[in-house]
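J.: The residues making up each chain are set out below.
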Amino acid sequence: MKAARYFERRLVHSVALLVTISALTFTISQLAPGSFLDEIKLNPQISAQTLAGLRAQYGLDQPVPVRYFRWLKSVATGDFGYSLAYNMPVKKLIWERLGNTLLLGATAMVLAWVVALPCGIWSAYKARRWIDRILVASSTLLLGTPELALALLFILVAAHFGNVGAGFEKSRSGGASVLRGVRIPAVVLALAAFPILFRHIRSAMGEAWHSPFLQAARGHGIGNMRLLLRHALPAAASPLISLFGLSLAGLVSASFLVEVITGWPGIGPLFLEAIYSRDFHVVMAVVMLFSLFLIIANLIADLLLYAADPRVRAEC
Amino acid sequence: MCRSVPARRQCPRLPVLSPSRPLLDVRDLRVSYGKGAHGQGEAAVSGLSFDVCAGEIVGMQGRSGCGKTSTALAILKLLPAEAHASGSVLFEGHDLLRLSELELRRIRGKQISIIYQEPTLALNPVMRVGDQISEVARAHGLRNVKGQVNAILHRVGLEPKRHYVTYPHELSGGERQRVVLSQALICKPQLVIADEPTASLDASLKSEILALIEGLRTDFGTAFLLISHDRCVTSKIADRVIDLCAQQKTVPASALSSVCDKSSPTRILRREEPLVTVRNLCKRYRTRGLFAFGRSEKQALDAVNFEIDRGTLTGLVGPSACGKSTLARCLALLEKADNGEVLLEGRNLLSSTPKEARKSRPMLQYIAQDPAAALNPRLSAAEAIEEPLLIQGIADRKQRRRTVAELLERVGLDPVTADRGCHEFSGGQKHRLVIARALALQPKLLILDESLSGLDPETQAAILGLLGELKDRLGITQLLISHDLELVSSLADSVAVMRDGRVVEQLGAEEIRDHFEPRWNNGKLEAAPKRELVTAESE
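Line order of the protein sequences matches chains A and B. Note that the first sequence covers residues 48 to 363 in the numbering used here. Note that the second sequence covers residues 223 to 761 in the numbering used here.
Hints in this document: simulated from the structure, not taken from any laboratory. Ideal Cβ placement from N, Cα and C applies to all residues, glycine included. Some clues are possibly wrong.
[Unchecked claim] Here are the simulated DMTMM-like cross-link-like pairs (lysine to aspartate or glutamate), alpha carbons at most 20 Å apart as the crow flies:
id, chain 1, residue 1, chain 2, residue 2
1, A, Lys-173, B, Glu-304
2, B, Lys-383, B, Asp-353
3, A, Lys-173, B, Glu-578
4, A, Lys-139, A, Asp-126
5, B, Lys-410, B, Glu-436
6, B, Lys-368, B, Asp-353
[As the list claims (entries may be wrong)] Here are the in silico distance ranges between beta carbons for each label pair:
id, chain 1, residue 1, chain 2, residue 2, range
7, B, Ile-616, A, Leu-200, 49 to 57 Å
8, A, Ala-361, B, Arg-243, 33 to 41 Å
9, B, Glu-325, A, Ala-361, 36 to 44 Å
The shape of chain A in the complex, shown without the other chains:
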């Protein structure tokens, strides 16, 4: 009962937040100079009347608040507008590419967590031993390497062995081709996420490992493996769940740059092109998608936290 009220409140918060973000994004992008039609203006064959007509047709002659509320109204009915550059509805355009981005993001996320979790736990358990030192040092190195450089490096290596396989074409491809295409960007993304995950897991586990209740449990003669997994891990779960929420939120947005470099047909390249060509509705839709993911991920993390930590349950 209490929990339902708590999440109801959180939901109201989230909707308010989304509306605020949309208003801010809308205003700020209107402040930027130029619009899609400015490019057409350069073409001498198109007359001023035609331009003014187009302007009126797209409603660009209206003041910003009016346009914002129109946009809000159509979004509320599920219509995200029309892409001027692609000449198709934004929803359809994004929907196609969202699948690709999610595929890449999820693969990378699973990869990163599957590697970072055992590494972090082991590193905390063997703190200051050589295995820990090696892991910490390599995570520092990775942390300092931009994912851009990593991606280029991987492409270079793959090209050397004649095995690039960046991107894929859905029409012709089966699962093998997808796997071939997702390899490089997924590994690069996972490597970029690894040091942050690893460090957080290591420090959370380290703290739990040295907590008084763990010392007490050791005093009761409970074995190390059980101490580590049954006692320390649940106690360290809270910060890790927040971290998990963050990586969920990054599912669509973190791969942006890597997609562009490796030619992955996801949202990243689309977003970049839309910004260049001032394809306004696409930009708005992508930003809203990013925010929506962030908010949903936070909500999920809170739910998980609520389930994992009895103290949180008592508080709210």
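Add chain B to chain A, keeping to what the hints say.
T.: Leaving out everything else, chain B in the frame of chain A:
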């Protein structure tokens, strides 16, 4: 080496083994902390020998920092990595100090259990208490775990059905202590080492837990090594008492000389302008707003009026949650009061600009409840003390160094220890450190928020002595906040009594003694728990 206090009850009740062969035999135990692998570091225990017979309750007492906990941990080889233990701990023919980790694991919890100092910290916050008890049973291969856990929960006075599924934070302090006891006893060990099992409990709970321990000894024939700083606790149920203090270093004599000396407080005869005047101070707490529904308010301070005279020690007493700490924090400008005036030497601090307020801060020094939490463990003592000087830009490097040494000496610490990390000091020494830090800026008013609760009587007395000395020699005005009326009235020149966010009365020195004894007996104010045990024992 160590002095055994003559037994109150001469003979252990249930000698399972022959008395000639003790269950646990500790010989020449030395524990040292620090770098040197073989005891060059700081010695916490030096050459301690004692034994515990089967079914016997042995008390171990001593001031904080004299190695009680180190001894307890050393027996089961649970000391932190930087500690080093030597000597021998014989249990059933094995020297525990020489056993491997795997062999020790079979003894820990099964044959010798340990109860850690603070049950709140010793229980995993995200595990049900029933599961935590059955963990211990499973680790040692017990059968019918669920039934055994329920039985032990019942034995320690909890309801198995209800309490099995609760989390530690849902329990009271006494219930947590019972859970920790059942964890220790689930495998029916031969010896339980209980480190301050009653330190965090109030008087009636204390007696209940002690009675429970005595009952468990009778039922299970378990021997207890009962560690406590409280003499009343050990002498109440122990068959023998080991006094660790007798052989360890003592605090500087100067600090102990004026302990609780009722004649020492100098009464202010001349009535001059008070140092601090508080008028109509109000503070209200709200729950957060924006989209949160059902916000509530709590009036923490409800028009507080009182005065602190120059060069006196004023006590502020009252039951918990009456607004004492809020008042202290408002006075120290750590919390912004909603309304009212705080006059320091006639200037209103609440209406001053942030810049002026910053200038007044050095004059008001606040000492928080828990010195361990108030000290940054990464700093050395010297760094901690000179920090206020650095912030205020006072003195150069050399001068600061000198000031630090002077301050350390003033509060009864050895200046040689200045470069030790803050975390290396004992509880009582940390108290001295925070006082030294507060003194660094030569404050006019020292606000001590429950600074003395949770200390053992000797340390408490020593710190009280120090406060008296600061008042008499340096004329530093102090506001001592406590729920312990007896403690405050022994030292204070005047006492303000708070209830429900108001100062209901302020009494002078004579009135304190005249008024408080009868009042306190009426149960009008919260009394200090320990007195009850003292009387119980002397009967």
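J.: Now tell me, hint by hint, if it's right for this structure.
T.: Structure-based check of each hint:
1. A:Lys-173 - B:Glu-304: Roughly 16 Å between the alpha carbons, so the hint for Lys-173 of chain A and Glu-304 of chain B holds.
2. B:Lys-383 - B:Asp-353: holds, 13 Å
3. A:Lys-173 - B:Glu-578: Roughly 52 Å between the alpha carbons, so the hint for Lys-173 of chain A and Glu-578 of chain B is violated.
4. A:Lys-139 - A:Asp-126: Distance of about 10 Å is within 20 Å: holds.
5. B:Lys-410 - B:Glu-436: Judged against 20 Å, a Cα distance of about 15 Å means the pair holds.
6. B:Lys-368 - B:Asp-353: holds, 9 Å
7. B:Ile-616 - A:Leu-200: 49 to 57 Å: Once the Cβ atoms are compared, 54 Å apart, the range 49 to 57 Å for Leu-200 of chain A and Ile-616 of chain B holds.
8. A:Ala-361 - B:Arg-243: 33 to 41 Å: The hinted range 33 to 41 Å is violated for Ala-361 of chain A and Arg-243 of chain B, with Cβ atoms some 50 Å apart.
9. B:Glu-325 - A:Ala-361: 36 to 44 Å: holds, 40 Å
Checked against the numbered hints above, the structure violates hints 3, 8; every other hint is satisfied.
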